[in-house]
Amino acid sequence: MFELIAILLLLASNSITSSEASNCQPKPIAIPIKNVPLSNNAQVHGISLSVGSPPQNISFLANAQVSVTTYIYGLNGHCSGTTPPGKCVSERGGQYDQSKSSTTSFGNDESSSDATVAPMEWVKDTLQAQDSFTLPEFNFGTPSVALNISAYQSQSQLGLGRNSTILTMLKQAGTIASRAYSFYWGLVGGQPGRQTSGSLILGGFDESIVADASNNYTASLNYRSGNCSSGLFVSISDMKLAWPNGTTNSLFRGSQSSSLSACIDIAYVGLLNLPVDYYDTFLDFAGGQQANPSRSFGLNFFTMLFEPAGVRRYYGDFMITLDNRIDIRIPNDQLVVDEPTLDDSGHLVTNSSVKNIVLDSLQANNIYDLAILGRLFFSSAYLMVNHESSTFTIWEANAKPPLPQPKAIAADNTITGDFCDNAAEPSMTPSDLDSVNSEKKHLSGGAIAGIVIGGLAGGVLVLSAVLLLVKRRFRYGSSPGHGFDSQPEYKPPAELDKPNEVMNSPPVEMPHTDSMYGLSHQSPPQELYGQPIPRHLVHND
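Take the sequence shown: its letters are residues -21 to -1, 1 to 520, numbered as in mature numbering (1 follows the signal peptide of the UniProt record, and there is no 0).
Keep in mind the hints are simulated off the structure, nothing from the lab.
Hints may be right or wrong, so weigh each one.
Said to hold, decoys possible - The following label-pair restraints were derived from C-beta to C-beta distances:
#  : residue 1 : residue 2 : range
1  : Asp323    : Pro171    : 16 to 26 angstroms
2  : Tyr347    : Pro381    : 38 to 48 angstroms
3  : Gly60     : Asn224    : 48 to 58 angstroms
4  : Thr147    : Ser84     : 12 to 22 angstroms
5  : Thr62     : Ser229    : 34 to 44 angstroms
6  : Glu100    : Gly233    : 49 to 59 angstroms
7  : Asn55     : Asp256    : 39 to 49 angstroms
8  : Asp88     : Asn377    : 35 to 45 angstroms
9  : Glu100    : Asn224    : 49 to 59 angstroms
10 : Thr147    : Asp312    : 31 to 41 angstroms
11 : Lys79     : Tyr347    : 42 to 52 angstroms
We treat Cβ as the ideally placed atom computed from N, Cα and C, and that holds for glycine.
Taking the hints into account, I'd like the entire structure generated from these sequences.
Below, the structure is given as structure tokens:
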């Protein structure tokens, strides 16, 4: 009897161990967003990646539009005819010299699915992030003309939309757990000591950048609006000037029934472009005198310029409320800055003769355009997008996060900090990528291996139990009190009895009572909101 109990305990222990192993996920890939050194000896803020062999640095913008591929400007950056060569290199975030790469080849034409609607030369070459991943034969386009929005999104673009090549390749190879990413631009305004790097996380997010996990905006990706191809469609329920003495002025002038629809575009220049009526209200409260010209043609293209010695210069913060659920506060030194421009050699300089408010007033031909929250919004906010669940989440960002706390997001939308030791290596060969099944199960290789090994071990234990029972039966015969005829029939656990079903089933979560986004390094897997709150409803805390 004691031998049977011991065997049952071992079987139960083995089952629990296998279940826990199935919860681990590949560690997310962290790519810095920083000042990237370029071939002209200048530095440009962007996603730090390299292309080619030997590697050529490129400073990318992240593009969340659904059908925009990755594209990288070549030696002809197609800047305006009067732009000096060194300045053009910085405007484009670097230029890819195909002739200097030993790994370049002809690429696959993706024109039919690419929303940029511009002539491209399609190329394959090695794309890599230092110490994070290497993707050989990565397909991308090099523009043959200047793109029609190049002034607003001047640098090369890394496609992260629903059809993202890079997210799909990394997920299929088992390098990341899901086609999810998180984006934080970093602080780029104010004094140099105040500026910080940002990060792009593939396959998860960095919990240290989240200021308050319980204070978030979660919604479904919405592609129904033809003017918001990112699917990141939000409702702005209030915008306020927040003065240092604690008083606020609402651009909605106290209306509780008004809202402003907006699209998030993480590649777009500036903080926010907004209808002229709201902008005029901003001027009424903030004061100041607009400069001549009143628009910037520097890095914050077409945002507003003011005389620094006006009647008043706005010195408060700016607060944006999303759907009455979350307030994102933009500090004054990120809202009102010396105008950033590039000199002829491509180096960053600031024009202190004017003040740049990083808002764009929609006027004239653009008066009815949809408002856009641009990349500077994510100096104060943190975005996570999960294409597996078609949802996105926004938190207020922690401007000075402590040590990174990466969390993986699984395909079933669960979150874990438990990473598999033997997840797929971040460096892949073309044959590895070609052999990946697009319908690959969500379990990592390590988790599947754990289940297989656990199943084999369980089978060995069951066989041992049977042999032991036979031996005891032979030894003691079938007399009452000594045999097993009067005992309940032993059945192995269901997961061992039906191994094929386990191999094809997703991991099952253990019950938990922790908060949705626990801040522990050892947080168990937890789920995001399964049913996002509709935007037309007010959230009740």
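Checked hints:
1. One distance hint, 16 to 26 angstroms for the beta-carbon pair Asp323 and Pro171, holds here, with the actual separation near 22 angstroms.
2. Under the hint 38 to 48 angstroms, the C-beta atoms of Tyr347 and Pro381, about 44 angstroms apart, fit the expected range.
3. The hinted window of 48 to 58 angstroms between Gly60 and Asn224 holds, with their beta carbons roughly 50 angstroms apart.
4. As the Cβ distance of Thr147 to Ser84 is approximately 20 angstroms, the hint placing it in 12 to 22 angstroms holds.
5. The hinted range of 34 to 44 angstroms is satisfied by Thr62 and Ser229, whose Cβ atoms lie roughly 42 angstroms apart.
6. Separated by about 54 angstroms at the C-beta atoms, Glu100 and Gly233 satisfy the suggested range of 49 to 59 angstroms.
7. The hint said 39 to 49 angstroms for the Cβ distance between Asn55 and Asp256, and at roughly 42 angstroms that hint holds.
8. Taken as a hint, the range 35 to 45 angstroms holds for the pair Asp88 and Asn377, whose Cβ atoms sit roughly 43 angstroms apart.
9. Take Glu100 and Asn224: their Cβ atoms lie about 57 angstroms apart, and the range 49 to 59 angstroms holds.
10. Between Thr147 and Asp312 the CB atoms are about 39 angstroms apart, so this pair conforms to the stated range of 31 to 41 angstroms.
11. Lys79 and Tyr347 have their C-beta atoms about 46 angstroms apart, which keeps the hinted 42 to 52 angstroms range intact.
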